[in-house]
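Generate the whole structure from the sequences, applying the supplied hints.
2 protein chains.
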Amino acid sequence: MPRTPSPDTSAKRRQRVQSAETGMTILKALARLGGAASLTAIAAEADESAAKVHRYLSSLASEGLVAQHPATQHYHLGPEAVRIGLAALRQCDPVRMGESALLRLRESLQVTCFIAVLGNRGPTVMRMEEPSLPVTVNIRPGSVLPLLWSASGQAFVAFADDAELRAQAEAEYAGATAEQRSVMGGPDPVGTLCQQVRTQGCAIVRDTLLAGISAIAAPVRDARGHVVAVLTALGASNGFDTRPGGKVCPALMHEAGLISAAMGYVPPAAG
Amino acid sequence: MPRTPSPDTSAKRRQRVQSAETGMTILKALARLGGAASLTAIAAEADESAAKVHRYLSSLASEGLVAQHPATQHYHLGPEAVRIGLAALRQCDPVRMGESALLRLRESLQVTCFIAVLGNRGPTVMRMEEPSLPVTVNIRPGSVLPLLWSASGQAFVAFADDAELRAQAEAEYAGATAEQRSVMGGPDPVGTLCQQVRTQGCAIVRDTLLAGISAIAAPVRDARGHVVAVLTALGASNGFDTRPGGKVCPALMHEAGLISAAMGYVPPAAG
Numbered sequence: 001m002p003r004t005p006s007p008d009t010s011a012k013r014r015q016r017v018q019s020a021e022t023g024m025t026i027l028k029a030l031a032r033l034g035g036a037a038s039l040t041a042i043a044a045e046a047d048e049s050a051a052k053v054h055r056y057l058s059s060l061a062s063e064g065l066v067a068q069h070p071a072t073q074h075y076h077l078g079p080e081a082v083r084i085g086l087a088a089l090r091q092c093d094p095v096r097m098g099e100s101a102l103l104r105l106r107e108s109l110q111v112t113c114f115i116a117v118l119g120n121r122g123p124t125v126m127r128m129e130e131p132s133l134p135v136t137v138n139i140r141p142g143s144v145l146p147l148l149w150s151a152s153g154q155a156f157v158a159f160a161d162d163a164e165l166r167a168q169a170e171a172e173y174a175g176a177t178a179e180q181r182s183v184m185g186g187p188d189p190v191g192t193l194c195q196q197v198r199t200q201g202c203a204i205v206r207d208t209l210l211a212g213i214s215a216i217a218a219p220v221r222d223a224r225g226h227v228v229a230v231l232t233a234l235g236a237s238n239g240f241d242t243r244p245g246g247k248v249c250p251a252l253m254h255e256a257g258l259i260s261a262a263m264g265y266v267p268p269a270a271g
Numbered sequence: 001m002p003r004t005p006s007p008d009t010s011a012k013r014r015q016r017v018q019s020a021e022t023g024m025t026i027l028k029a030l031a032r033l034g035g036a037a038s039l040t041a042i043a044a045e046a047d048e049s050a051a052k053v054h055r056y057l058s059s060l061a062s063e064g065l066v067a068q069h070p071a072t073q074h075y076h077l078g079p080e081a082v083r084i085g086l087a088a089l090r091q092c093d094p095v096r097m098g099e100s101a102l103l104r105l106r107e108s109l110q111v112t113c114f115i116a117v118l119g120n121r122g123p124t125v126m127r128m129e130e131p132s133l134p135v136t137v138n139i140r141p142g143s144v145l146p147l148l149w150s151a152s153g154q155a156f157v158a159f160a161d162d163a164e165l166r167a168q169a170e171a172e173y174a175g176a177t178a179e180q181r182s183v184m185g186g187p188d189p190v191g192t193l194c195q196q197v198r199t200q201g202c203a204i205v206r207d208t209l210l211a212g213i214s215a216i217a218a219p220v221r222d223a224r225g226h227v228v229a230v231l232t233a234l235g236a237s238n239g240f241d242t243r244p245g246g247k248v249c250p251a252l253m254h255e256a257g258l259i260s261a262a263m264g265y266v267p268p269a270a271g
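Chains as they are written, first to last, in UniProt numbering: chain A, 1 to 271; chain B, 1 to 271.
These aren't lab readings, by the way, just hints derived from the structure by calculation. Since the structure is predicted, the reported quantities are computational estimates derived from the model, not experimental observations.
In silico lysine-lysine, BS3-like type, Cα no more than 25 Å apart, as pairs:
no., chain 1, residue 1, chain 2, residue 2
1, B, Lys28, A, Lys52
2, A, Lys52, A, Lys28
3, A, Lys28, B, Lys52
4, B, Lys28, B, Lys52
5, B, Lys28, A, Lys28
Simulated DEER-style distance windows between Cβ atoms:
no., chain 1, residue 1, chain 2, residue 2, range
6, A, Pro70, B, Pro141, 14 to 22 Å
7, A, Arg224, B, Ala236, 43 to 51 Å
8, B, Ser49, A, Gly191, 56 to 64 Å
9, B, Glu107, A, Gln73, 16 to 24 Å
10, B, Val266, A, Ala50, 28 to 36 Å
11, A, Ser58, B, Gly245, 36 to 44 Å
12, B, Arg181, A, Arg121, 47 to 55 Å
13, B, Ser58, A, Gln196, 40 to 48 Å
14, A, Arg32, B, Ala236, 48 to 56 Å
We put the CB at the ideal spot given by N, CA and C, even for glycine.
Okay, structure coming up:
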């Protein structure tokens with residue numbers, strides 16, 4: 001088949017890149033199938049011909065990314081896939097991965113925002129961005145926040161689903177002032193709060209931690225679904241939109257979702 | 001550059017496969033560098049030109065296998081690498097991966113051999129192969145073995161380096177008969193045994209669990225270095241070579257090493 005020289009060169013270049021991409025597509029297809037499958041199943045999942053997939057699997061096998069079971073001839077992810085995955089997990093840092101989300105939130109909403117992880121003393125602010133005219137708050141990187149009176153803490157307690165953390169929250173409630181307790185209620189105040197936060201998809205507080213300050217926090221999950229950080233935005237209560245469908249909540253939840261996706265999190269299919 | 005048609009076609013085919021392999025090589029190089037590195041560092045590690053590596057990294061990025069940090073421009077393993085790694089870890093089953101090792105040991109040494117994992121009751125035989133003229137033992141898949149009087153148990157205690165397992169071994173020693181205890185000695189019998197087993201690289205028992213039966217066991221490690229199984233060979237004491245440098249020990253340790261490598265284990269560099 002004769003071709004003009006120029007498109008041929010361009011096609012060749014694209015193909016070389018494309019072959020690497022096809023290899024990755026097949027690797028991802030095998031992972032989606034649980035890490036072990038027949039050639040037929042992988043070809044169907046990758047939407048490619050069995051002959052083509054077979055050739056790529058040979059390449060992947062020669063690099064240790066896949067291996068073939070001697071008895072069943074099924075393919076499974078190989079030792080190099082494990083090593084790559086462990087390296088990827090080790091460098092999965094929600095704080096680093098949240099940096100651009102903080103910059104986007106600061107720019108688009110002109111709010112103070114931070115990312116917090118659960119340290120040994122509680123929710124701990126790791127990285128913070130403030131707009132050019134920030135609201136004055138005594139929260140800084142390194143600040144440890146309460147579990148029940150901060151949006152960040154509430155997000156950890158509600159979404160982490162961790163019995164020990166829940167017990168710490170109950171202890172915090174038991175030691176709270178009557179005024180603090182007044183914002184919560186019912187026979188199971190911590191349980192009710194958690195339920196409400198989960199229904200909203202984010203934690204929303206007004207004036208509970210700092211007078212005149214409102215905050216919203218959404219969970220960041222890793223590839224295993226564990227809550228590894230929370231993304232929080234805050235502002236002066238008189239100008240900060242705390243409505244669940246308002247300006248801040250959906251944007252914050254969207255950015256938290258982007259960080260989670262970068263960590264490898266796949267949300268469960270909507271039921 | 002004119003080429004003859006036939007080698008060109010052949011070269012093209014090879015190149016398509018080769019491009020997929022190059023993509024994997026670069027992905028593995030990034031993993032070896034800890035999962036995050038500069039273009040220069042990745043090119044050096046993969047022993048390819050920066051221009052070529054850059055093109056491949058773009059392909060890997062388009063498939064989500066790598067991502068680029070917006071500030072530093074460094075590359076890091078992306079969310080798809082995490083997902084592939086988790087899938088690979090999930091299907092990493094030492095019992096399945098040990099099947100061919102059992103067949104090879106049975107054929108080459110004509111010994112009974114099995115792979116055991118640490119179940120909730122102790123070392124548990126999962127899969128077993130016997131030669132055509134097997135020695136009669138009352139060990140079957142599902143059998144739970146003692147920690148101190150079986151080679152499998154000793155291998156778990158010595159190599160797993162787990163405080164709880166060590167405590168269970170101490171309890172087993174405390175409850176042992178005088179005859180059982182007589183094969184161990186010194187002020188710290190369990191510690192001395194562990195040290196000896198680690199020095200040998202495998203556990204060797206003669207007649208301690210079953211009269212007239214000797215056994216040798218070597219550890220199988222996963223990608224994190226954890227002992228996830230042991231590979232054990234056994235035979236009648238009068239015909240079974242229990243010398244550390246004999247027929248069985250090196251072969252068994254070699255096969256256990258092959259299973260570990262398939263699990264993603266990388267042995268520490270010799271010091």
